[in-house]
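Protein chains: 2
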Amino acid sequence: MTELYDDERLDYATADKTMKIIQSPSVFSFSLDAILLANFTYVPIKRGRILDLGTGNGIIPLLLSRRTHATITAVDIQPRLISMAKRNVEMNDLQEQIAVVEGDLKDLQPDIGHSNYDVVTCNPPYFSTPAKTELNQNEHLTIARHEVRCTLEDVVKACKLHVKPGGKVSVVHRPGRLVDIISLFRTYKLEPKRLRFVYPKKGREANMLLIEAIRDGQADLKILPPLYIYHEDGSYTDEAEAIIHG
Amino acid sequence: MTELYDDERLDYATADKTMKIIQSPSVFSFSLDAILLANFTYVPIKRGRILDLGTGNGIIPLLLSRRTHATITAVDIQPRLISMAKRNVEMNDLQEQIAVVEGDLKDLQPDIGHSNYDVVTCNPPYFSTPAKTELNQNEHLTIARHEVRCTLEDVVKACKLHVKPGGKVSVVHRPGRLVDIISLFRTYKLEPKRLRFVYPKKGREANMLLIEAIRDGQADLKILPPLYIYHEDGSYTDEAEAIIHG
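Residue numbers (the working numbering), protein chains in the order written: chain A, 27 to 272; chain B, 27 to 272.
With the rest of the complex left out, here is chain A (with noise of 0.2 Å):
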């Protein structure tokens, strides 16, 4: 039996349907982003650790479990946030996978580990600059979409710090921000190596990034091939369509 709030819904975090995730309009609801960074992200099949930074309601957590064994840790600074990543990862009986731990990335606590995991992801805050109407109207999302408890340099500096040595770093972002990616992933000794450029249909501009970091790797980037997610006509292009609905 899970527990909803009167603000949360259950919804289908699979198109297969054999994964629910609660949801709620007003405090989390998963997007595109974190189903394309699951994607996006490499992950060992068999063993290893995978740590997942602001996690939200846990989505990537959820669907990393569906390609590998390894332990995923999932972490949130909100306390609402956590209560709905582990109630997620109860109903889907993943509690022996996955681990929710409430923490603040610039100061996690000693058990996290430094230097401990094969892979870290984070679907960070985008925006640098909070609207003051949206600051006053919702914490919980202003949190999450703005860089109001973390600035992007905090997450990467907390990438750098848990990832092993060789291990790969993951995060999706706006275009708009990648000159200060990659150059806080260089001052962090994270080194580029996958860059993918996501555009919502054929002559516009790209609207969201994936990038791929290896902690002291060698420079030697691949920009692999643009992900379109609409044709013209407004349906999915295969490939996104495979992403979402595989």
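Hint data in this document are derived by calculation from the structure and do not stem from the laboratory.
As the structure is a prediction and not an experimental result, all values here were calculated from the model.
Any given hint might turn out to be false.
Note that the list lumps identical chains together, so a pair holds whenever it fits in one copy or between two copies.
Straight-line distance between alpha carbons at most 30 Å, and here's what the computed BS3-like set of lysine-lysine pairs gives [stated by the list, open to error]:
(1) K72 <-> K215
(2) K72 <-> K219
(3) K215 <-> K227
(4) K190 <-> K248
(5) K183 <-> K215
(6) K248 <-> K228
(7) K183 <-> K219
(8) K183 <-> K227
(9) K227 <-> K248
(10) K190 <-> K132
Given chain A's structure and the hints, the job is docking chain B onto it.
This is chain B only, laid out in the frame that chain A set:
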């Protein structure tokens, strides 16, 4: 009457055959990269000053001259290429618009002028470590392709030194160097504004990048739609055709 060395030949610089160019397979022949950079580069139409660093046989100034009345200064370190570029400018009656100057971009003579250009273009050497065989075999090609006479940092530093505050710097390079380029641009206060990746065909990784930065600009990068060169059957895409033969 144009004099040609034994290893030189006379080609057309443009598909409409209105512009001729001296090339040499053993000294310098222009590539698709130069054509794409000339096409990608912003130019002021009526007046202004443009600087092309490492101009080779002058292909980029020649192509830009068709789109602008701005004066263009073309610099190269190799006397043999300066000779070729000068004859190309004369042969096309562009002496009024294009000045060809022999010089090392690490130490350009004072009359090139600091903070003096609206636009600086560069198709720099791509490879950091020259293969020994190539080094020994052909000095001209080695200098054009490998960082033996200037590093990427020298190039970026020179772009910064000569472009006006608010002016544009436009460079073509390989995706593997994107992290270096972006980091160096930031170091020298050249803020990337437009970035376009060139893919040989669909499904492949990008093999070229075109980047434009603004000196002292605000962070706001746009990732332009990808540019594909070939269809599956090896014929040019419409866009590549329009750039190359248009």
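Would you pick out the hints that fail for this structure and give their numbers low to high? As far as the earlier hints go, 3 and 8 are violated by this structure, in ascending order.
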